[in-house]
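Protein chains in written order, with my numbering: chain A, 65 to 134; chain B, 10 to 213.
Calculated from the structure, these hints are not laboratory results.
Please read all numbers here as calculations on a predicted model, not as lab measurements.
You may find that some hints are simply not true.
Footprint (simulated), chain A over chain B, 3 or more residues, beta carbon under 8 Å [as the list claims (entries may be wrong)]: (1) 52 to 64; (2) 72 to 85; (3) 90 to 99.
Pairs of lysine-lysine residues, derived as DSSO-like cross-links and limited to a Cα-Cα distance of at most 30 Å, are as follows [stated by the list, open to error]: (4) Lys31/B to Lys187/B; (5) Lys113/A to Lys85/A; (6) Lys69/B to Lys85/A; (7) Lys123/A to Lys113/A; (8) Lys117/A to Lys90/B; (9) Lys45/B to Lys117/A; (10) Lys69/B to Lys82/B; (11) Lys123/A to Lys57/B; (12) Lys118/A to Lys31/B; (13) Lys90/B to Lys123/A; (14) Lys118/A to Lys85/A.
Over 10 Å on every C-beta distance to chain B, these chain A residues come out as not near it, computed from the model [what the hints assert, rightly or not]: (15) Met91; (16) Gly96; (17) Thr115.
We put the CB at the ideal spot given by N, CA and C, even for glycine.
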Amino acid sequence: MTGEQSIQCPVCQTPILIEYKALIQGMRFTCGNCKASIGIASEAISVAKETMKKYDELKTQFRDGKKVNK
Amino acid sequence: MAKKENYKYEFAGLPIYDIIGKPLIAIARAQNMMSKEQLRTMLDACFKYHNGAYEPIMLKMVVTRSFLEPATKPGKGPELKMISTDFFLPMITIFPINALGIENVDIDFNVEITSQYMVDKDEIDEGGDKISAQPSSLECLGKITKGPGASGEDQEQSYENNSSFRIAVEAGTMPLTKGLLEIINIYTNAIQPIDTSQKNHQTL
Ligand SMILES: [Zn+2]
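Sequences are here, hints too, so could you generate the full structure?
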């Protein structure tokens, strides 16, 4: 599992490979076609980190067979 | 006496398709449970429940691209400038949500055929099988042995007409469902910027 995802370039619609953990840390990814670079807006990084933490926690709970409280 | 015969028949082994099918059914059930859990994880992490509906958590993104600004003054060349645009992306498109499925399953065991018998058409129909077009069918009963050519006690207890074979089943993950891919696709397409300066722009 590499955590690789692809999202469509907003400029030319070419798929851009992203690694979500790196993206959430603030890394930018460049479109191979039009060279536009995408990244999370600096003010949204904390929200993204929080969601990633929650997502990872849920995944861990699930893998360990613990009941997820809802 | 007839009762004793029955007893012997019942414990002669399990139908081969049960031996092969049951682990796969168990895996399918586990996969089903994972899918449900996966959906809940997705909803919990990437959506917020608001007014009776799940709304996607949107992430503010920035796209930066360079462009050449034509020369404004004579004697000067075009200038390379950067332009940044904000857009919003649903959180769900960022996370590798298919990572919770079963990655690979490898089932490997040996089956010893303990007995075989012919089943006529009527008997198959009762089970609801579609192979009833055939007048009769050969059914095999078997049991799982520890390893290839099990020796010692197992060998001694085996039937006269037995044969043993190895079953290796490899199952892979199912890709994301078309519906889910379509949802992600719609979200992804929605990030395409719209030029609002043109009056007759197309709406999505
Ligand atoms: Zn592009």
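What hint numbers does the structure not satisfy?
The structure conflicts with hints 8, 10, 12, 13, 17, although it agrees with all the remaining ones.
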